[in-house]
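Chains as they are written, first to last, in the working numbering: chain A, 1 to 416; chain B, 1 to 233.
No lab work stands behind these hints: they were computed from the structure. Keep in mind that the hints are not guaranteed to be accurate.
Capping the alpha-carbon separation at 20 Å, the derived lysine to aspartate or glutamate pairs in DMTMM-like fashion look like this [stated by the list, open to error]:
(1) K244(A) to E93(A)
(2) K62(B) to D72(B)
(3) K244(A) to D365(A)
(4) K62(B) to D410(A)
(5) K42(A) to E312(A)
(6) K146(B) to E312(A)
Interface residues of chain A toward chain B, partial, derived using beta-carbon atoms under 8 Å [unchecked claim]:
(7) R4
(8) A6
(9) R315
(10) I319
Quick reminder that beta carbons are idealized off the backbone N, C-alpha and C, glycines included.
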Amino acid sequence: MILRLAFASLLARALTVAMTILAIALSVMLFLGVEKVRTGAKASFADTISGTDLIVGARSGSVQLLLYSVFRIGNATNNLTWESYQDIAERPEVDWIVPISLGDSHRQFRVMGTTTAFFDRYKYRSGQSLSIQHGAVMDDLFDATIGADVAQTLGYAVGDPIVVAHGLASFTEHKDQPFRVSGILAKTGTPVDRTVIVSLAAIEAIHVDWQSGAQIPGQSTPVDEIRQMDLQPQAVTAALVGVKSRLQIFGLQRAINEYPQEPLLAILPGVALQELWQIVGIAETALVAVSAMVIVTAMIGMMATIFSSLNERRREMAIFRAMGARPWVILSLLVLEAALMAALGALLGLVLLYLGLWVAQPLIDSAFGLWIPIVAPSMREFWVLLGVVCAGAIVSMVPAIRAYRLSLADGMMVKI
Amino acid sequence: MTNSDHILALSDVSFRWPGQTSFALNVRDFRLDPAETVLLLGESGSGKSTLLSLICGTILAKSGRVHVAGTDIGGLSSGQRDRFRAEQIGLIFQQFNLLPFASVRDNILLPLRFAPDRAGRVSAPLATAERLCRDLGLPEDVMAQKAGRLSVGQQQRVAAARALIGTPPLIVADEPTSSLDAVTQATFLDLLFAQSRAHGSTVMMVSHDSRLANQFDRVIDMADIAHTTRYAA
């Protein structure tokens, strides 16, 4: 009956109570939403590369190497010479090696030169392989395989011609050597979606008439002539390496890092991802802290609402006292009320979160390439909701203790 | 007669509000017999409210004894006094008796929630509440209605039903009729007395209105039993 009375009392103040519940619901939605985005981002981040034991590039920082080789963010300061690449490839520990060559772009997307082995060796989301959705993997020198986002954004279909631009965000185009879209990859949720993949030889081919980053004036080698040339690259940007036995990873890493002919760097993708996440983690923590503060604000709002209702409810409390309720019944009634409001707010917040996710999921995916799965609330979210209810109860102790004092002083007579 | 034979017995009680020096209440001797109806007449400021609080145990006398149904309530802890009040005393106030947001049913049954013994005397609470409402002349469908929706007269009758349920030995009414018109007043008292007599409860009503006197077994003037001291500020 006490629970029913608490409910009835809340209903009688429906408008104020609804506003309080809404405030709590929005704060809970924000907090859980941030959590969802955070864990989604972290997961999609960690899922970007798997199955690669080492990434090799010119000596720089491990995070930088990871960023440009996997995430296509930033640029390589230096290249890995073809001789060094060959040396590493011939080492007995190496099971497979895939070269990647970056530096050109097509519209807003990066162009990556590699071998067809890339499609077999590159794995994402715990071992998933790339798959072709339309067409086929590049075969000809001037074939390009494009990621799902490239195809979708630029409206490309198999067979369409594309022109690669020199450098990034450049107006100098490799107009003399147009490419043809040979295949479109299925969506992966990784940077591959936003990459134009061509053969390593193709990268060489489009730079035939170029020297030191500029086109040699007046020189334009015909395509047929290029096809006859030796298109062995002088250097590549980085290489993905798989070892025969996991035990050899560290040995090979040390050997590459101490490679005498050229300053090189070999990194373990998992370790570099961890390092990178530590940097991102600060912003992440700040985001969680801010959304937690919003919950605290909503809680204080509720406390203020209860406080301001105390005066008009002194009669109500006096009636309870007259009927034999001890002062602690009054106290627990207010705490119960607050816990009910917090619980309703938390539930509503959860409902709003899932509604919001349902609406925003495709938008976030297309805007940020971040797919947030809609799954049942996790244990962690359950604890957050429970925490909100407990916080509501604890916060309401402040006005409840005041009500306790008031009802002790008032007894059954209220003199207003 | 000993204290235990009276439903209410105050002897040599003195009380002073803490921190307040300008008012003190002294009651030398005040007793009520079982099943009688008593009107306690007093002007406002005569200490009626303080006396009621003493009887109900929400405040404690500085000295002297307050016996309710044979129990010295000064010897009870505050929690025990709260339960004791719920068990022994049915209360009706001048107005704002009910929780306006709760149904009439919940309002009537509320004291039973805090008084297990009194609840034990009511075998079928819902049926009993319904019967009380009918006997007090409330409409049939009143039980499910929100108390705040009723007229003042109806609210007072619901309060009476709440005071009567579980037949507490003492019913204390603080000016229950002052907000009612003369006709409703008379009906209200008739109904209240009919019910209290049927259950053998003592009714002590506090009022400043001496016109009601002829309906009671006994009329006591506050001034005869209580000595209030006021010091000019």
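**Report entry** Violated hints, by number in ascending order, as checked against the structure
**Finding:** 3, 5 and 8
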